[in-house]
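Peer 1: Read off the chains here:
Protein chains: 2
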Amino acid sequence: MKDAPTTPIPTFDDVVAAHERIAPYIHRTPVLTSSYFNELTGAELFFKCENFQKAGAFKVRGACNAVFGLSDEQAEKGVATHSSGNHALSLSYAAGRRGIPCHVVMPRTAPEAKKAAVRGYGGEITECEPSTTSREAVFAEVHARTGADFVHPYNDPRVIAGQATCSRELLDQVEGLDAVIAPIGGGGMVSGCCLTLSTLAPDIEIYAAEPEQADDAFRSFKAGHIIADDAPNTIADGLKVPLKENTWHFVSRYVTDILTASEEEIVDAMKLTWQRMKIVMEPSCAVPLATILKNPEVFRGKRVGVIITGGNVDLDKLPWM
Amino acid sequence: MKDAPTTPIPTFDDVVAAHERIAPYIHRTPVLTSSYFNELTGAELFFKCENFQKAGAFKVRGACNAVFGLSDEQAEKGVATHSSGNHALSLSYAAGRRGIPCHVVMPRTAPEAKKAAVRGYGGEITECEPSTTSREAVFAEVHARTGADFVHPYNDPRVIAGQATCSRELLDQVEGLDAVIAPIGGGGMVSGCCLTLSTLAPDIEIYAAEPEQADDAFRSFKAGHIIADDAPNTIADGLKVPLKENTWHFVSRYVTDILTASEEEIVDAMKLTWQRMKIVMEPSCAVPLATILKNPEVFRGKRVGVIITGGNVDLDKLPWM
Numbered sequence: 008m009k010d011a012p013t014t015p016i017p018t019f020d021d022v023v024a025a026h027e028r029i030a031p032y033i034h035r036t037p038v039l040t041s042s043y044f045n046e047l048t049g050a051e052l053f054f055k056c057e058n059f060q061k062a063g064a065f066k067v068r069g070a071c072n073a074v075f076g077l078s079d080e081q082a083e084k085g086v087a088t089h090s091s092g093n094h095a096l097s098l099s100y101a102a103g104r105r106g107i108p109c110h111v112v113m114p115r116t117a118p119e120a121k122k123a124a125v126r127g128y129g130g131e132i133t134e135c136e137p138s139t140t141s142r143e144a145v146f147a148e149v150h151a152r153t154g155a156d157f158v159h160p161y162n163d164p165r166v167i168a169g170q171a172t173c174s175r176e177l178l179d180q181v182e183g184l185d186a187v188i189a190p191i192g193g194g195g196m197v198s199g200c201c202l203t204l205s206t207l208a209p210d211i212e213i214y215a216a217e218p219e220q221a222d223d224a225f226r227s228f229k230a231g232h233i234i235a236d237d238a239p240n241t242i243a244d245g246l247k248v249p250l251k252e253n254t255w256h257f258v259s260r261y262v263t264d265i266l267t268a269s270e271e272e273i274v275d276a277m278k279l280t281w282q283r284m285k286i287v288m289e290p291s292c293a294v295p296l297a298t299i300l301k302n303p304e305v306f307r308g309k310r311v312g313v314i315i316t317g318g319n320v321d322l323d324k325l326p327w328m
Numbered sequence: 008m009k010d011a012p013t014t015p016i017p018t019f020d021d022v023v024a025a026h027e028r029i030a031p032y033i034h035r036t037p038v039l040t041s042s043y044f045n046e047l048t049g050a051e052l053f054f055k056c057e058n059f060q061k062a063g064a065f066k067v068r069g070a071c072n073a074v075f076g077l078s079d080e081q082a083e084k085g086v087a088t089h090s091s092g093n094h095a096l097s098l099s100y101a102a103g104r105r106g107i108p109c110h111v112v113m114p115r116t117a118p119e120a121k122k123a124a125v126r127g128y129g130g131e132i133t134e135c136e137p138s139t140t141s142r143e144a145v146f147a148e149v150h151a152r153t154g155a156d157f158v159h160p161y162n163d164p165r166v167i168a169g170q171a172t173c174s175r176e177l178l179d180q181v182e183g184l185d186a187v188i189a190p191i192g193g194g195g196m197v198s199g200c201c202l203t204l205s206t207l208a209p210d211i212e213i214y215a216a217e218p219e220q221a222d223d224a225f226r227s228f229k230a231g232h233i234i235a236d237d238a239p240n241t242i243a244d245g246l247k248v249p250l251k252e253n254t255w256h257f258v259s260r261y262v263t264d265i266l267t268a269s270e271e272e273i274v275d276a277m278k279l280t281w282q283r284m285k286i287v288m289e290p291s292c293a294v295p296l297a298t299i300l301k302n303p304e305v306f307r308g309k310r311v312g313v314i315i316t317g318g319n320v321d322l323d324k325l326p327w328m
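Read top to bottom, the protein sequences are chains Y and H.
Mapped onto the working numbering, the consecutive letters of the first sequence carry residue numbers 8 to 328.
Mapped onto the working numbering, the consecutive letters of the second sequence carry residue numbers 8 to 328.
Bear in mind the hints are in silico, worked out from the structure with no lab data behind them.
Where hints are given, some of them may not hold.
For identical chains, the list gives no copy identity; a pair is met inside one copy or between any two copies.
Derived EDC-like pairs: lysine to aspartate or glutamate, alpha-carbon spacing no greater than 16 Å straight-line [to be verified]:
no.: 1; residue 1: K309; residue 2: E182
no.: 2; residue 1: K278; residue 2: D321
no.: 3; residue 1: K84; residue 2: D275
no.: 4; residue 1: K309; residue 2: E176
no.: 5; residue 1: K278; residue 2: D20
no.: 6; residue 1: K229; residue 2: D21
no.: 7; residue 1: K324; residue 2: E136
no.: 8; residue 1: K278; residue 2: D323
no.: 9; residue 1: K301; residue 2: D185
no.: 10; residue 1: K301; residue 2: E271
no.: 11; residue 1: K309; residue 2: D185
no.: 12; residue 1: K301; residue 2: E143
no.: 13; residue 1: K229; residue 2: E27
no.: 14; residue 1: K301; residue 2: E80
no.: 15; residue 1: K301; residue 2: E176
no.: 16; residue 1: K278; residue 2: E252
no.: 17; residue 1: K309; residue 2: E136
no.: 18; residue 1: K84; residue 2: E252
no.: 19; residue 1: K84; residue 2: E131
no.: 20; residue 1: K324; residue 2: E27
no.: 21; residue 1: K278; residue 2: E148
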């Protein structure tokens, strides 16, 4: 079966172990509420603010779990990855904390702020073209040359178990949730939510939110098998990558529905969040709110956890400028 | 004595009463820390985030204390004020919560986002020219016409007692502070810090931070009497107003020092805070951090409370655009 997982599926025991392993290197991020957005949506929204996370995004959870789970012998050669941004930053941060090398293949079109931050954490960047094909080819060369341990941005059980610690915290911070919604690109965060919630609170609905212009997860979900686009174009630059076998395992089994929003709806939701909640967050993080505003009947009257996935934006290139 | 207070000086009992009175209408705002800024400054900084406050700024504390302290008879005619922005917003919010009218005289040059927000809270705006002289003349007409209760943005004992609740919370949230620093314009927030700290923790140093281009409080402090400039020009638009008798009472007695920063230093500190802490804050709020970065020897090794006063910026007119 071509969409079947290629590595062991992480279990909730892996999540508990991950949480203990990464605790010294991450923040337990706050949950914010907004009476303005509650009135606007008719739902009670609880924003889990991973934009305040170390390295500026939830991805540091999975990256730390992978890096600090390596044996000393494995760790010596360092870690390597390809990423559109936040995973690169997070893996560089994690490797830096352990004192090992980190090799990163990044699209040359990635925001300058992200490249500078990767280098700031000690990551070594090799640039590729902004397509999945180019990224994978350049990465193969780097990987072969360095012998570093490959930490995939999302299709890695260690990463999924790490991301799952976010929804585990959220459950601890907010009682009586009816639903959780997170943006979906490769599906690492959503898979983490599936893993935690299917174990601890299987009645909580799990929604994934995706840009219309990069809706391959939406189409995969409807079709029942993975559909991957090469280089879709959206302002939500963290969400351009396709599902892979390990995330498809979770998304296909546990997600309630995938909702989409247009570029304009995403930018409007992003700007409104900055204005009313006074937080800096990425376009990707605005996709869940954009879909809630677009589908109020799905969320009205519910207590909804909304994962704000990261805050690494280039302040010189804001989408409403 | 021309700089002597014109109304009773608020006491710490007034602060305790204010805190109880306003609690249902305000947030107990969080205190954030940043390992990045701690490393950069050599100090331990604790950011009291009033940008997350109701109506987007600390000013809602004083405004609520004034509005909810009115007798029913006084309240009927509503409240009135002049303000460069956040006090207008806050008084409109407070009046709206009590269901009474709010008349606001505002410079026609104030950010559109603030004017729209005042109207959104139900405030009625009369515009004036961007000078203290014009503002006071237009206000006198509005005040006479409506008979509303005048709530001065800072030279009012009810407002000072309200603002003092912010530093009272901060003391409760962070142990062992060595210093507190806040921006200074008219001196309402700084007077509130003086009132709280001189009562509860008189050993804590109190610093005020001011734009070089609107340094009338700095010059007043050095001269020993109030110096007022008409319409100074700075990006920190909340800090253009001069000290008045009631705030001078506190500033002249309890402030350790007033530090200043250039426009460029303020914008740099503002952008850096957005980038690293992922919070939206006003230029005024960046003045304390700008002065800390400029005077590291004053703060090194100290635990410093930094008041982030508000987050109401016009996202279409950011100073680095």
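Peer 1: Could you tell me which of the numbered hints above are not met by this structure, giving the numbers in increasing order?
Peer 2: Hint check: 3, 4, 5, 6, 7, 9, 12, 13, 14, 15, 16, 17, 18, 20 and 21 fail, others pass.
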